[in-house]
Amino acid sequence: MRLRHLLPALLLWLIAALPLRAEEVVLGLSTDRVAITTSFDGSEILIFGAVKREKPIQEIPLEIVITVAGPSHPVLVRRKAHRYGIWINAHAVTVDSAPSFYAVATTGPLKEVLTQTEDLRHRISIDRAIRSVGAPFDVTDSEQYTQALIRIRQKEGLYQELEGKVALDQQTLFRTAIDMPADLTEGAYSTRIFLTREGRVVSQYETTINVRKVGLERWLYVLSRQHAALYGLLSLAIAILAGWGASAGFSLLRDR
Amino acid sequence: MQTYLPVAEVSVNAFLLLGLGGIVGILSGMFGVGGGFLITPLLFFIGVPPSVAVATGANQIVASSFSAVLAHLRRRTVDLTMGSVLLVGGLIGAGLGVFVFNYLKSLGQVDLLVRLCYVIFLGIIGGLMFIESLNALRKARRSGPAQPKRRRSRKLMHALPFKMRFRTSGQYMSVIPPLMVGLAVGVLSAIMGVGGGFIMVPAMIYLLGMPTKVVVGTSLFQIIFVTAFTTMLHATTNQTVDIMLALYLIIGGVIGAQVGTQIGLKLKAEQLRVLLAALVLAVCGKLALELLIEPSELYNLTSLDGG
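Residue numbers (our numbering), protein chains in the order written: chain A, 193 to 448; chain B, 249 to 555.
Honestly, the hints are just simulated from the structure, not real lab data. Mixed in with the good hints, there may be bad ones.
Below, in silico cross-link-like pairs of lysine to any residue (SDA-like), each with a Cα-Cα straight-line distance of 25 Å or less [stated by the list, open to error]: (1) Lys534(B) to Arg323(A); (2) Lys347(A) to Thr309(A); (3) Lys272(A) to Ala536(B); (4) Lys347(A) to Arg389(B); (5) Lys272(A) to Phe349(B); (6) Lys303(A) to Gly356(A); (7) Lys516(B) to Leu427(B); (8) Lys347(A) to Ile541(B); (9) Lys272(A) to Leu364(B); (10) Lys461(B) to Ser443(A); (11) Lys272(A) to Leu539(B); (12) Lys461(B) to Arg323(B).
Since we're looking at a predicted model, the values are computed, not measured.
Given the sequences, and given the hints that come with them, work out the whole structure.
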């Protein structure tokens with residue numbers, strides 16, 4: 193009985209949804225690999241693409257949201273308090289998961305291009321990208337710790353809110369540039385593109401940008417993790433050699 | 249010129265690192281301090297993570313101390329016998345210190361304790377040295393280069409067994425006091441993450457009664473081994489030694505150490521001590537202020553990804 197009522201509704205919904213589904217993202221990246229070399233000083237990534245569609249352009253304008261997220265880790269946020277006349281770390285809250293880098297770029301103000309529900313579902317805004325579950329019993333204002341985390345990382349350029357920084361031409365071609373700071377951690381940076389209309393996500397596309405150390409940097413990093421004793425001895429050898437070299441060099445200079 | 253550090257995972261200016269290394273090298277050559285108490289906070293300031301700063305600082309001190317010791321050896325201002333005795337105490341102490349450090353860590357608040365340690369020790373040592381050496385300077389000016397006053401008789405120290413002759417220092421005393429000094433410095437240096445020269449130098453002058461010229465070289469001699477030990481420990485357990493960062497600091501440091509040794513030879517012993525005291529007090533003051541003044545950012549972050 194119920195099903196019979198539901199079926200036409202479902203069909204209707206499918207038909208309504210079809211033209212929306214028909215819009216897809218065709219993406220281009222200036223690079224899908226960021227190589228961290230000795231002279232690495234941050235990187236700018238160009239994200240561009242087109243909206244492929246089989247139907248004519250709809251009247252309600254399309255909006256675009258692009259996010260780039262680095263690997264997530266738990267973060268311990270400590271707050272100092274005035275105790276016994278000095279400032280010491282008094283309380284701590286562990287934020288369960290926070291991306292090491294997060295940028296969200298949009299065609300317009302985030303509140304207008306995305307509804308709260310969609311934001312919650314896809315974890316798009318910076319607030320939503322961070323997951324904080326529990327706080328210790330003696331901390332009642334855990335929200336402040338998350339806000340502090342965002343504030344500190346925004347100051348370091350690790351979290352970026354780029355409202356209106358996505359250019360969209362003729363409802364079809366879009367592009368944006370995201371500045372990645374020098375202090376990047378290695379890993380797969382997930383890049384998501386959302387097409388929204390009236391705040392609802394109509395299509396999404398996902399890809400990854402690989403951030404990796406290369407050459408000497410990679411070799412040293414791997415050595416330090418896998419052959420720690422050898423790496424330690426190498427550091428000491430360099431130190432002793434450099435110390436001897438400088439001493440010998442200077443005594444040559446003086447004797448002349 | 250920016251350069252990316254593979255273990256610290258930050259990008260910093262290479263010339264800034266060379267300059268930092270150079271300044272610390274000069275101090276190291278002049279005073280026989282490793283400079284760890286200076287380089288570690290300076291590295292924090294330019295954005296290097298604390299764990300990497302401490303470990304790499306130790307590695308850098310090995311290089312600058314080695315360079316300076318060679319210069320001192322050429323001038324025969326290293327008491328190898330005394331250095332070895334101090335070192336034995338120092339290594340035992342460092343082992344003990346690591347144990348104490350881990351215990352404090354399990355209690356939490358280890359950062360604060362390290363900081364308080366710095367303020368207290370730097371304050372006491374700097375203050376005592378400053379007053380003493382100012383008095384010595386004033387006396388020297390009044391009556392010309394007078395004989396250094398004979399220390400008050402240390403009956404207890406001379407009554408101790410296991411006497412040894414320390415030729416370069418012109419001392420004949422029991423090995424127990426230098427062993428104890430080495431031990432105490434070893435414990436402190438493991439807790440505070442420094443070579444311990446700024447404690448060792450005054451301890452040698454005031455507790456062991458060694459001549460200032462010999463003290464610097466001897467202190468450097470034992471610092472090499474203590475910091476090499478620390479470097480290996482950090483490299484194998486925490487993997488926080490950044491070889492690139494160390495290299496830049498070392499290049500600046502070894503050159504600075506040679507310059508510092510030259511400056512040190514031209515200055516009078518009292519002047520050297522006043523300068524070192526002033527430096528110690530300045531670092532102490534800065535650390536104390538950080539504890540006393542309300543910080544502009546009350547929160548701080550620690551990433552828990554094991555790195």
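Here is what the structure says about each hint:
Restraint check: the Cα-Cα separation between Lys534(B) and Arg323(A) comes to about 37 Å, which exceeds 25 Å; the hinted pair is violated. Distance check on the hinted pair: Lys347(A) and Thr309(A) sit about 28 Å apart at the alpha-carbon level, beyond 25 Å; violated. Only pairs whose Cα atoms come within 25 Å are accepted, and Lys272(A) paired with Ala536(B) is accepted, the gap being roughly 15 Å. In summary, the hint linking Lys347(A) to Arg389(B) is not supported, as the alpha carbons are separated by about 54 Å, beyond the 25 Å threshold.
The hinted pair formed by Lys272(A) and Phe349(B) meets the criterion: a straight-line CA distance of about 22 Å does not exceed 25 Å. Note on Lys303(A) and Gly356(A): the hinted pairing holds, with a Cα-Cα distance of about 12 Å set against a maximum of 25 Å. The straight-line distance between the Cα atoms of Lys516(B) and Leu427(B) is roughly 29 Å, outside the 25 Å bound, and the hint therefore fails. Taking the CA atoms of Lys347(A) and Ile541(B), the gap is near 22 Å; set against the 25 Å cutoff, the hint holds.
Distance check on the hinted pair: Lys272(A) and Leu364(B) sit about 16 Å apart at the alpha-carbon level, within 25 Å; holds. Our distance criterion of 25 Å between C-alpha atoms is met by Lys461(B) and Ser443(A), whose separation comes to about 20 Å. Restraint check for Lys272(A) and Leu539(B): satisfied, since their Cα atoms lie roughly 10 Å apart, inside the 25 Å limit. Distance restraint check for Lys461(B) and Arg323(B): the Cα-Cα separation of roughly 10 Å lies within the 25 Å cut-off, and the hinted pair is therefore satisfied.
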